[in-house]
Amino acid sequence: MGGADAGAGAFYDAALHKRETLMGKSGPSALIKNFRVFRIALFACIGGVLYGYNQGMFSGILAMPAFERHMGDYVTDSTKKGWLTAILELGAWIGTLLSGFIAEVLSRKYSVLVASAVFMLGVVIQATAITGVGHDAILAGRFITGMGVGSLAMIIPIYNSEVAPPEVRGALVATQQLAICFGIMISFWIDYGTNFIGGTTAETQSDAAWLTPICLQLAPAVILFVGMIFMPFSPRWLVHHGREEEARQVLSSLRGLSPDHELVELEFLEIKAQSLFEKRSVAELFPNLREPTAWNIFKLQFVSIKKLFQTRAMVKRVAVATVTMFFQQWSGINAVLYYAPSIFKQLGLDDTSTSLLATGVVGIVMFIATIPAVLWIDRVGRKPVLTIGAIGMATCHIIIAVIVAKNIDQWESHKAAGWAAVCMVWLFVVHFGYSWGPCAWIIVAEIWPLSTRPYGVALGASSNWMNNFIVGQVTPDMLEGITYGTYILFGLLTYMGAAFVWFLVPETKRLTLEEMDIIFGSEGTAQADFERMEEINNEIGLTRILRGESSNPTSTPYETLPEKGNTSDHSERIQAV
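Residues 1 to 577 in full-length UniProt numbering are what the sequence shown spells out, letter by letter.
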């Protein structure tokens, strides 16, 4: 086991050192050198903006008097209001389940086009609510829009990670999270601005106040759809589907180097090695699905997820991924994002304009708070950030509950108490922004062996969307039925989330896949993965390229692998973490 760990680490250290020698190190300078890739990734992140915009936009619309005129009791009845809001997440859950299959069969590029088209169809259907169809159009449109949003939220990060060279991949994938927060932020302020169209009263407010935020989504969606036609295919997808020469040309174009350049060759072989690894893993685990037909690809994602529940060690990983996402959603973050104006009204901000203004501040502080996580998460670690963030969020909930319990019927005479509660909501969002927003997804992505990672991440995402849907559905009923008890419930669950992370979730910072196996009790899984990958690297000549780095064999990390019997380095590193 120790040899496999050191071997895998040494091999990829050699690959990284070779790449740095050819291209330079990671950081801002790498983004400048790879500016073409950076532009493509930024463009693709329009999908993240659409996702974030949908998360925040509807909360402001629900507070608009003109929207209530068309929706009737679907705004005033808390249960129906929950359905009107949460049906987007139900659609997104289905879109997430289908996105892996679509992205593999049609390509990442064409699947973005399909998801964008589905998204635009949903927006158009929502806009028809003005004709008198009302809540039926909103329900159907938000469900279809959700399918597009869920697919984009899964496919765009995959596309970005596969067109990006390794030295900038982390920064570009993190850009997706910032794009989501940016979409949330601008949605709140667009709601605030359009609320004044025609006036802010039920008698005077124009229907354009709520139609404009809905229809504005079409502009970036059309830009994404048209622009994506001219974007390159994913090199990884091309290699996986036997279009190797085309993949070389795409890599060459992305890098601005000739197809026979050593750096292009290195990256091409790394992609090919990963592709062969996935194919051989499937052939070993599911021999009846080894032929890459559309039907086999569709079945593969479900049988692969089923296999995650067949050993105790893998069930532990499933529990970490799904329960972490459960606690992320039951922290109450999307209760705030979906119903912020209603929450602020309950806290004494009766005027719609003032509640929308306070909601706009939520978007700004969440966007700003996310930036430190992108910069420092790999230094601080996952557990401390998640634990401190959960304790901070839970404490904010409890303070809000106390303030509401004492002042719920006397906000007029206790305005300072209302603003104190509003500030606690803002502080809650700050704690979420630097912790559970980005870090929960990092945990879910890191804990799986290579051969099961795509399916494990899909399972975590499924848990996220389903809990998202439930929270969106029940929050209006809770705010109306148990008032301050809503905050106590979210607070207690978030304290439980802090305890879960601290006592049951391992620190994954800088752990190798083999060390993950030791922690979760599945020793040998990553060892077998490594041996299969080592065989492929030797077969396609990647090992030879890396060994050719220096005339002195002992100076190349991959040449100095420790003996396989040495396991002391594992225990020392795990204890250190």
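Hints in this document: simulated from the structure, not taken from any laboratory. The model shown is predicted, which means the values in this text are computed figures rather than measured ones. Glycine is no exception: its CB is placed at the ideal position from the N, C-alpha and C atoms. Take these hints with a grain of salt, some might be off.
Unchecked claim - Beta-carbon label-pair distances, calculated as ranges:
no.: 1; residue 1: Gly485; residue 2: Ile364; range: 25 to 31 Å
no.: 2; residue 1: Arg312; residue 2: Lys415; range: 54 to 60 Å
no.: 3; residue 1: Phe309; residue 2: Thr131; range: 46 to 52 Å
What the hints assert, rightly or not - Distance condition first, Cα-Cα at most 20 Å in a straight line; then the derived SDA-like pairs of lysine to any residue:
no.: 4; residue 1: Lys383; residue 2: Ser252
no.: 5; residue 1: Lys306; residue 2: Ser281
no.: 6; residue 1: Lys109; residue 2: Lys306
no.: 7; residue 1: Lys383; residue 2: Lys306
no.: 8; residue 1: Lys509; residue 2: Pro384
**Q.** Hint check against the structure, violated hint numbers in rising order
**A.** Failing hints, ascending: 4, 6, 7.
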